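Residue numbers (the working numbering), protein chains in the order written: chain A, 9 to 142; chain B, 9 to 142; chain C, 9 to 142; chain D, 9 to 142; chain E, 9 to 142; chain F, 9 to 142.
Keep in mind that the hints were calculated from the coordinates and are not lab data. Since the model is a prediction, treat every value here as computed from it, not as a measurement. Backbone N, C-alpha and C define an ideal beta-carbon position, used for all residues, glycine too. Errors might be hidden in some of the hints.
Claimed, not checked - Not the full set, but computed from the structure, chain E residues with beta-carbon under 7 Å of chain F:
#: 1; residue: I63
#: 2; residue: G68
#: 3; residue: L71
#: 4; residue: S73
#: 5; residue: A81
#: 6; residue: L85
#: 7; residue: A89
#: 8; residue: E108
#: 9; residue: T112
#: 10; residue: E139
There are 6 protein chains.
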Amino acid sequence: MTPMTPTTQIPDRYERGLARLREIDGEAGEQVVAGLADIAPDFARYLIEFPFGDIYSRPGLDLRSREIAVVAALTALGNAAPQLKVHIQGALNVGVTREEVVETIMQMAVYAGFPAALNGLAAAKDVFAREAAG
Amino acid sequence: MTPMTPTTQIPDRYERGLARLREIDGEAGEQVVAGLADIAPDFARYLIEFPFGDIYSRPGLDLRSREIAVVAALTALGNAAPQLKVHIQGALNVGVTREEVVETIMQMAVYAGFPAALNGLAAAKDVFAREAAG
Amino acid sequence: MTPMTPTTQIPDRYERGLARLREIDGEAGEQVVAGLADIAPDFARYLIEFPFGDIYSRPGLDLRSREIAVVAALTALGNAAPQLKVHIQGALNVGVTREEVVETIMQMAVYAGFPAALNGLAAAKDVFAREAAG
Amino acid sequence: MTPMTPTTQIPDRYERGLARLREIDGEAGEQVVAGLADIAPDFARYLIEFPFGDIYSRPGLDLRSREIAVVAALTALGNAAPQLKVHIQGALNVGVTREEVVETIMQMAVYAGFPAALNGLAAAKDVFAREAAG
Amino acid sequence: MTPMTPTTQIPDRYERGLARLREIDGEAGEQVVAGLADIAPDFARYLIEFPFGDIYSRPGLDLRSREIAVVAALTALGNAAPQLKVHIQGALNVGVTREEVVETIMQMAVYAGFPAALNGLAAAKDVFAREAAG
Amino acid sequence: MTPMTPTTQIPDRYERGLARLREIDGEAGEQVVAGLADIAPDFARYLIEFPFGDIYSRPGLDLRSREIAVVAALTALGNAAPQLKVHIQGALNVGVTREEVVETIMQMAVYAGFPAALNGLAAAKDVFAREAAG
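Could you put together the complete structure from these sequences and hints?
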């Protein structure tokens, strides 16, 4: 995990977003950006600028809560497995514990059904195993 | 708001769930239960026992984070407006600030699109106005 | 409710579909068709021909099971309240009991979450009340 | 398939649920439970207790209809392929015919679109092939 | 409808976005922005800057096609009725004909089911009626 | 790509649909039909007759716009990856440019979130690569 810089104070959206992306998603975030280079390079820029430069850089909600919200939403939607894994790792990167990740996903059984929670738990298991291996 | 009892220590699922439901959802929760009386009374019992007696009573994730997760998920799913409003109020009841509710909903623009976030903000506006009026 | 004609034996798709639509959805079905007259009359025809003339007229699954499947799916999707109500009435029209409708919807709590089931039960309550009143 | 015990009469939720899970989902159900052991063992218990011990053990809707409802809903949602396969097998286990499974999935083309139905049919094909092979 | 200015050439994201928003969504767009003033003013700014200043201002896809894509997507998702209406009007504002709007929505019956298309057509009927009245 | 025949003038739904399917989806469409032969042959017929014989054969919206609408909707729904790929290729087959496909998918970030758009772009990348290789 990258050492935290006070990203909310970097004036430029792109620079601020890139720092935030690295802080939260680490290598996985940079791979997403790299993967866009030959098909939609502008979209990589938007991804850095709007979600990370604008939204994730706002005060008013701590990063831990933001990542819990994202893990919850992606588990509930159930149609974006790669991004769910990136954000389970992202949650761990910003200090959410494994237990909290698991509790967040289990809670989704109530709001989006058991299959959504089961698939979310399978994603978490995969991320935890990769982290232990790496 | 009901004064908090250490609900996690109530041994009976139903009693524990009912206390938790009152703590989180307040009157709105009791209205949901009452509304089920003539069509599916057992479902009212399940609602108290499983989500509130089992899930919300678990240690391992604080109530504030649980409600942030639920507001995020219901905003992202975008198909359960009444429950979203109950849980925006529920989030406020357990100590999430209005600003944090708004930030959580705004974050969903990134993960579920601007319409989902706009409809979530409209729900929040409605809940905040009713709270101010009541 | 219209007396049943052996619709599966009507050779013409449109005629067969219209008879099937009346048998299942009754007046509500005819209102849907009428409501399309000035905006998309061809779509009214497709609605009669494909879902009702083709699919609902197939042997291999009885009408009761078809309506249970549709009530389940529309409850789970949670984004088509008017059609869910039409098909709760449709289920009753083809012999599904109120208790079976309620059980089908409650089952969806497991697969699509409690909010989906709660909104499905509210739709059923509304249909049952209108039926009692009418 | 496990010989049926009158599961609705087992007083304990967990025992009743476990018997029901085995009756419906067979080995696949036990694998799901086993897969949760190291990441969320409590969730395995909830899965047995609430869906199977509470919901599937209710009178008022026969098991065949419950499985038709679940196959319909998971086909329509389209975001839980592993669970759809488990429940296609589950439907067969409780006496739904292959033809009825296929009809249920085809019906979803009307309510959730052709892609949902096509992916549901691909899942059924896979389950039928595995059953024939096993 | 506002007379078109070559919005892609306005250098500032906010100014460019605001011009684009007015061109596409007209009054309805400004009302959305105004409605955010007291709950999430920054979100109004993001809405202008990212969707309209960045995305809608890109060359490479004409505005008519962009609005057809949005009407299709919101019809298919089926959970954002207010935004669907704004964009049906938006499509008309940028030169999509009523017939093309209706065809786009009907096409969604194939990809998201008949209920989604029926609810989309009801939204279109409403927008067309209001336009005729206004 | 098959040479175009004026498919809208073929009187028979099945023949007209088959010609349309070949024109739009090419080999991939025929593979879908072939894959249904042993599990649901009637569904293959419906697929040809209703979506292609009825809907895609209508005047009132050009094929390019229809495919843009479908790529948008399937990207937004995010739960039908195989069909999204077929229709990205289909869009190219009827004259939509790669740039227009990419713009359509990017636009979905606004209406269904960044994960939906990212997964849509990954699908496009895959289709473009296969086309270049083939």
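Looking back at the hints listed earlier, which ones does the structure fail to meet? 3, 7, 10
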